[in-house]
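A.B. asks: So the chains spell out like this:
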Amino acid sequence: MKSVSLLQRILLVVALSLAVCFLIPVIWMLFVSVKTEGTPIKTLIDWFLPPYTFDNYANVLAKTPILRWMGNSLFIALIKTVLTVLFTSLAAFAISKLDFRYKHAIFLFFIAGLMIPGEATIIPLYAVVKEMDLLDSYLGIILPGIAAPLGVIILKSFFDGVPKELVESAKMDGGGSFKIYSHIALPLAKPALSSIAIFTFIGSWNNFLWPYLSITSEELYTLPVGIPTLLSNYTVDYVTPMTVNAIASIPVIIAFLLFEKQIVKGISFSGIKG
Amino acid sequence: MKSKKLIGDVKAVPFLLPFFVVYAWFTVYPMLKGLQMSLYQWTLIRQMDYIGFANYSAMFKDRQFWEALWNTTLFVLLSTPGMVVLALVLALFANMRTRFRTFLRSSFFLPSILSVSVISFLAIFMLQPYTGFVNSLLHLMGSKAEPFWLADRNLAWVSIIGVTLWWTVGFNMILYLASLQEIPDYLYEAGTIDGATDGQLFWNVTLPLLAPITRVILLLQIIASYKVFSQIWLITRGGPGTKTRPIIQYIYETGFKNNDLGYAATMSYALFVILLVLSFIQLKLRPKEEV
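Chains A and B supply the protein sequences, listed in that same order.
Letter by letter, the first sequence follows residues 0 to 273 in numbering that gives the first Met the number 0.
Letter by letter, the second sequence follows residues 0 to 290 in numbering that gives the first Met the number 0.
Quick caveat, the hints were computed from the structure, so don't treat them as lab data.
Among the clues, some could well be false.
Across the chosen pairs, the derived CB separations fall in these ranges [what the hints assert, rightly or not]: (1) A/Y101 with B/E188: 50 to 56 Å; (2) B/L206 with A/L66: 26 to 32 Å; (3) B/L139 with A/Y137: 46 to 52 Å.
Note that the Cβ used here is the ideal one computed from N, Cα and C, for glycine as well.
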């Protein structure tokens with residue numbers, strides 16, 4: 000602890016500068032989004048100087064279906080998250096706590112899916128969803144991917160940690176399997192459930208490839224699919240694109256700042272396990 | 000005895016069924032369907048002709064396939080070191096005992112939550128020649144150069160790698176951060192008492208204890224990067240020409256633009272095999288107690 004404090008001060012300055020570098024694109028985006036269209040930009044500083052206006056926001060919100068797309072993204076992400084948590088936890092509970100034949104084989108069959116990357120089966124998936132007549136529908140976007148093997152593995156190891164005595168005594172009290180699942184297993188697995196939920200939600204919210212392939216009607220677009228269709232027309236003007244970007248980002252930035260702790264915890268938790 | 004077993008089986012069904020149905024339908028079945036498709040001349044209007052392994056032999060002779068595969072590999076080779084080293088550096092910074100801790104952590108992670116479409120268009124506009132933010136910054140620092148970031152092969156790669164690092168390195172940082180926090184303080188205290196410098200502590204305590212998580216990050220990262228598509232598609236469309244086109248984009252274009260789903264499925268299988276090999280390596284390298 001001699002000359003350490005100087006070194007640490009230097010490190011702190013480096014760290015803070017790096018942090019600012021990470022934020023600059025986002026800050027730039029927010030500033031450009033409130034500039035008046037066509038303001039001349041001579042030097043860097045002009046990007047950030049007033050006058051500011053929120054007309055761009057009003058314009059984009061009024062003239063584009065961006066709010067509808069945001070609603071689609073939110074709706075799809077929520078349903079997907081609920082179904083993923085429900086389906087994976089039910090399956091994991093059965094494998095961990097119920098007695099049935101071929102249990103081990105079924106578990107292996109389920110987790111073998113970890114080896115199958117969604118991106119590599121995207122073409123046959125398209126054919127399958129087309130076969131079922133689910134292309135260009137909410138159901139067609141939601142269903143693929145909700146059977147997540149990783150979720151089953153994480154939750155099974157959590158349920159394995161639930162003491163047998165607890166389950167036995169619940170049985171004695173006349174609780175059926177569903178009651179044990181919902182009243183004992185689920186509450187105890189809360190940290191695992193919430194990290195699976197956070198991952199599923201962020202993953203779905205930002206998913207591009209599958210919605211891009213499977214949706215063709217504009218009113219079903221999710222936000223990531225819709226944004227590029229708005230922006231290809233505006234290559235000279237900076238203000239509209241950055242307003243579109245800002246509108247798409249501000250809700251998630253706010254959500255991130257509110258739930259930062261849980262998100263970080265969720266990621267580190269499943270990262271270590273997975 | 001038998002009836003008791005049967006009752007157990009019946010009880011398990013409602014728990015297993017929802018997952019089983021969706022999993023079988025949207026994960027396992029497409030997998031098998033892909034194998035079938037790869038043996039056919041298969042178009043969007045479902046005209047099917049069995050052609051055996053013709054798609055496979057065509058793939059081996061397809062220069063565009065090898066170019067796309069090389070581009071993807073190049074992306075993996077160029078991005079992975081940064082994805083690991085920068086993540087570690089950021090984690091070390093974010094783990095410092097300062098009152099800026101939360102600020103550092105949030106700033107490094109914030110880009111990760113933005114949609115790929117947002118970060119791509121942010122990049123396109125920041126990188127525009129003459130008026131873009133990056134070139135303005137270069138001019139401010141006295142450079143006369145006017146790089147066309149997305150029009151030159153090498154600069155396009157630099158842009159894609161840079162954007163990807165900025166966008167996703169936060170995830171790996173958090174994994175490192177979690178590991179750093181699990182290193183007990185007494186190890187550092189003991190080292191300090193023995194007269195070790197900060198540098199020595201880092202090389203002899205911190206780094207070795209981070210080795211397991213580094214292995215996990217490294218392999219997860221390589222597998223994830225082999226699946227790169229969205230940001231390249233949105234930023235450069237695989238261009239200039241096909242110089243940054245990754246394998247998934249070539250698969251997508253073969254299937255949906257050239258209307259050749261059979262050949263696209265064949266290349267998907269090639270990618271699948273590559274990813275499978277990488278996954279196996281990961282499982283083999285992972286210490287047993289972590290499974």
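A.B. asks: Please write out, lowest number first, the hints stated earlier that are contradicted by the structure.
C.D. replies: 2
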